[in-house]
Amino acid sequence: MNKKSSVLELIVFVWIPLIPLIVFWIVPLLVTVWLSFTDWDYIRPQFDYVGLENYVGLITDVAFFQAMGNTILFALATVIPILFLGFIFAVGLNRLRKTKNIVQSLMFAPWITPMIGMSIVWSWMFDARVGPINQFLGGLGLPQPDWLTDSNMAIWAVVIVTVWKNIGWAMLFFSDALSKIPSALFEVSDVEGASRWHRVRYILIPLVSPTSLFLFIILTLDSLQAYDQINVLTQGGPAGSTRTLLYLYYELAFQSFNMGAATAVAVLILIISAMLALFSMKISKKYVFY
Amino acid sequence: MQKANQTEKWLLFLILTAIGIFMVFPMVWMMLSSLKTTEEVLGSTMTLLPRDPQWGNYSGALELAPFLNYIWNSLFTATTIVIVQLFLSSLLAYALTQMAFRGRQTLFTVILATYMLPAAATYVPSYVIISRMDLMDTLAGLIVSNLVNVFTIFLLRQNFLKIPKELIEAARADGSSEWRILWEIVVPMSRNALINASILSFIGNFNNYLWPSLITNSEENYLISVGLNRFFNSQGAFGDTFPLIMAATVISVFPLILIYVLLQKHFIGTISSGSGVKG
Numbered sequence: 078m079n080k081k082s083s084v085l086e087l088i089v090f091v092w093i094p095l096i097p098l099i100v101f102w103i104v105p106l107l108v109t110v111w112l113s114f115t116d117w118d119y120i121r122p123q124f125d126y127v128g129l130e131n132y133v134g135l136i137t138d139v140a141f142f143q144a145m146g147n148t149i150l151f152a153l154a155t156v157i158p159i160l161f162l163g164f165i166f167a168v169g170l171n172r173l174r175k176t177k178n179i180v181q182s183l184m185f186a187p188w189i190t191p192m193i194g195m196s197i198v199w200s201w202m203f204d205a206r207v208g209p210i211n212q213f214l215g216g217l218g219l220p221q222p223d224w225l226t227d228s229n230m231a232i233w234a235v236v237i238v239t240v241w242k243n244i245g246w247a248m249l250f251f252s253d254a255l256s257k258i259p260s261a262l263f264e265v266s267d268v269e270g271a272s273r274w275h276r277v278r279y280i281l282i283p284l285v286s287p288t289s290l291f292l293f294i295i296l297t298l299d300s301l302q303a304y305d306q307i308n309v310l311t312q313g314g315p316a317g318s319t320r321t322l323l324y325l326y327y328e329l330a331f332q333s334f335n336m337g338a339a340t341a342v343a344v345l346i347l348i349i350s351a352m353l354a355l356f357s358m359k360i361s362k363k364y365v366f367y
Numbered sequence: 187m188q189k190a191n192q193t194e195k196w197l198l199f200l201i202l203t204a205i206g207i208f209m210v211f212p213m214v215w216m217m218l219s220s221l222k223t224t225e226e227v228l229g230s231t232m233t234l235l236p237r238d239p240q241w242g243n244y245s246g247a248l249e250l251a252p253f254l255n256y257i258w259n260s261l262f263t264a265t266t267i268v269i270v271q272l273f274l275s276s277l278l279a280y281a282l283t284q285m286a287f288r289g290r291q292t293l294f295t296v297i298l299a300t301y302m303l304p305a306a307a308t309y310v311p312s313y314v315i316i317s318r319m320d321l322m323d324t325l326a327g328l329i330v331s332n333l334v335n336v337f338t339i340f341l342l343r344q345n346f347l348k349i350p351k352e353l354i355e356a357a358r359a360d361g362s363s364e365w366r367i368l369w370e371i372v373v374p375m376s377r378n379a380l381i382n383a384s385i386l387s388f389i390g391n392f393n394n395y396l397w398p399s400l401i402t403n404s405e406e407n408y409l410i411s412v413g414l415n416r417f418f419n420s421q422g423a424f425g426d427t428f429p430l431i432m433a434a435t436v437i438s439v440f441p442l443i444l445i446y447v448l449l450q451k452h453f454i455g456t457i458s459s460g461s462g463v464k465g
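Residue numbers (the numbering used here), protein chains in the order written: chain P, 78 to 367; chain R, 187 to 465.
What the hints contain is simulated information worked out from the structure, not anything from laboratory work.
Accuracy of the hints is not assured; some may be wrong.
Pulled from the structure, derived: some chain R residues nowhere near chain P, Cβ distances all over 12 angstroms [as the list claims (entries may be wrong)]: (1) L278; (2) T295; (3) K348; (4) M375.
Below, a list of computed lysine-lysine pairs in the DSBU-like style, where the Cα atoms sit at most 35 angstroms apart [unchecked claim]: (5) R/K451 with R/K348; (6) P/K359 with P/K257; (7) R/K348 with P/K177; (8) P/K81 with R/K351; (9) R/K195 with P/K257; (10) P/K257 with R/K351; (11) P/K177 with P/K257; (12) P/K177 with R/K195; (13) P/K359 with R/K195; (14) R/K195 with R/K451; (15) P/K175 with R/K195; (16) R/K451 with P/K359; (17) P/K257 with R/K348; (18) P/K177 with R/K451; (19) P/K359 with R/K351; (20) R/K451 with P/K175; (21) R/K351 with P/K175; (22) P/K81 with R/K348; (23) P/K359 with R/K348.
A virtual CB, placed ideally from N, CA and C, is assigned to each residue, including glycine.
With the sequences and hints as input, model every part of the structure.
Structure (structure tokens):
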């Protein structure tokens with residue numbers, strides 16, 4: 078580490094590997110910001126600068142606020158159950174011995190499957206008439222909602238698929254965190270006769286909180302990017318009830334070719350993501366065990 | 187006391203197994219439905235097992251769309267991408283951990299920042315770049331636009347940091363070039379990290395949909411995710427071809443299930459060492 082690297086070494090080790098990062102990440106991000114101040118429509122070669130018009134257009138558009146609301150609802154409704162169930166499953170699995178691995182593999186399996194293929198399967202499972210979910214609900218004498226065509230239910234269908242796919246992933250992180258807790262801590266609590274609730278409250282939860290925070294940030298960032306399941310299940314409908322910011326961006330950019338408005342939405346998504354990222358970096362410095 | 191504990195363990199085991207089965211139910215349901223007749227699927231009484239397994243649904247699906255070709259496209263692009271990513275990320279991670287140059291910290295911060303940002307925000311300009319490069323609707327276009335994987339860079343950097351400095355200093359004292367130190371010392375010592383990064387990146391690329399659906403538009407260049415969704419949409423509302431759609435979906439999921447079963451150990455043990463893939 079003492080000697081400075083030569084120019085040739087820097088070209089090989091730094092500049093060449095950086096080319097794809099620059100061409101397909103850094104430049105596009107900057108261009109996205111720039112395009113959001115223009116009225117480019119992709120077809121015409123020329124365009125004009127329109128200042129903040131695209132942004133003003135968005136905040137005076139009802140569809141934008143609906144998408145914003147859907148995005149927040151979707152984030153909360155997916156991230157909280159994933160964290161909660163992932164934690165519960167991990168705690169349960171932690172107490173199994175020989176059978177732990179097989180049960181864990183079953184729970185994790187959804188994560189590796191392709192979202193497109195599995196969403197197609199789920200869209201059938203949600204079928205109002207012959208889908209297994211409604212047949213099951215009907216068998217129990219419960220109401221059978223029109224999952225994908227009722228604008229109050231559709232977002233929950235998308236939420237269920239997303240939660241199903243990601244629980245196993247969160248569970249693995251929690252399992253890992255739990256396995257690192259020294260067993261001496263539990264022995265002490267046994268000796269002191271701590272109740273089960275006390276153990277969870279005062280040993281488990283504090284010790285997995287850095288993991289939870291990390292998962293919370295990553296899952297929230299992920300939820301902002303949800304696309305495949307929405308595309309297959311509802312295509313943003315019915316009546317825009319499952320259109321998130323990202324889906325709105327996709328429609329504006331690649332269906333109506335309104336690049337100015339689309340990139341303005343992209344910039345907003347970028348700002349939200351960047352704030353979450355900064356927040357996580359700030360907070361993670363405060364924790365010792367990471 | 188001992189006895190109560192034992193019953194409790196069994197109860198816990200049963201509950202967790204039930205949840206596990208519930209989690210794989212959509213996959214099981216998919217496989218069973220792919221072997222049913224249309225009448226069975228649309229029938230008002232739900233049956234779990236197919237009455238008479240219709241293996242012909244698979245050849246029927248393959249006749250309607252070139253799914254094997256789509257799978258090949260996905261395997262080929264994902265594999266190529268993974269290999270190039272490992273090569274480039276190794277170089278960069280080595281530079282970030284073992285070499286001295288100005289702006290190293292800034293470079294790392296920039297890379298860290300792009301990790302957190304949504305890839306979709308780059309799609310409009312990237313789309314234009316791909317068409318300017320004349321790579322629209324080609325597998326090459328898909329490959330070149332996915333060559334960087336910030337997560338892989340991270341994971342390798344993390345591992346390269348653990349390699350004892352004395353080892354590298356000794357190799358340098360012996361006159362080894364940085365190139366040889368990387369490929370003959372550092373990379374072999376980071377075998378596990380490289381395998382984990384490859385698996386995660388492979389799954390991400392194999393399952394990737396939005397970006398490939400934007401830049402490919404002819405059947406011979408579809409990835410399986412794109413081809414499957416187009417097939418699904420072209421079959422219109424559910425109905426007659428449902429078992430064929432399920433058969434096609436089974437074909438598309440199969441490679442991943444195979445990888446999962448074969449590489450089980452790598453998944454469970456080490457996924458939590460990082461945080462998944464973008465895409």
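Report task. Below or equal to 35 angstroms on CA atoms is what counts here, so check P/K359 against R/K351. Result -> 29 angstroms, holds
* P/K177 paired with P/K257 [C-alpha distance capped at 35 angstroms] -> The given pair, whose Cα atoms are some 16 angstroms apart, holds under the 35 angstroms limit.
**Prompt:** Taken at face value, is the distance from the CA of R/K348 to the CA of R/K451 at most 35 angstroms?
**Reply:** Between R/K451 and R/K348 the Cα gap is close to 22 angstroms, so the pair holds against 35 angstroms.
Mind checking the alpha carbons of R/K195 and R/K451 for me, to see if they're no more than 35 angstroms apart? Distance of about 25 angstroms is within 35 angstroms: holds.
Next pair to validate is R/K451 with P/K175; report whether the Cα-Cα distance is within 35 angstroms.
With a Cα-Cα distance of about 15 angstroms, the restraint between R/K451 and P/K175 holds, given a limit of 35 angstroms.
Distance restraint between R/K351 and P/K175, which requires alpha-carbon spacing of 35 angstroms or less: 40 angstroms, violated
**Q.** Given hint R/K351 paired with P/K257 - CA-CA distance at most 35 angstroms
**A.** The given pair, whose Cα atoms are some 27 angstroms apart, holds under the 35 angstroms limit.
Is it true that the CA of P/K257 sits at most 35 angstroms from the CA of R/K348? 20 angstroms, holds
Can the restraint linking P/K81 and R/K348 be considered satisfied, given a maximum Cα separation of 35 angstroms? 21 angstroms, holds
request  = For the pair supplied as a hint, P/K359 and R/K348, confirm whether the alpha-carbon distance does not exceed 35 angstroms.
outcome  = 25 angstroms, holds
35 angstroms limit on alpha-carbon distance, applied to hinted pair P/K177 and R/K451:
13 angstroms, holds
Is P/K359 within 35 angstroms of P/K257, Cα to Cα? 24 angstroms, holds
In terms of the numbered hints stated before, the structure departs from hints 1, 2, 13, 21, listed from lowest to highest.
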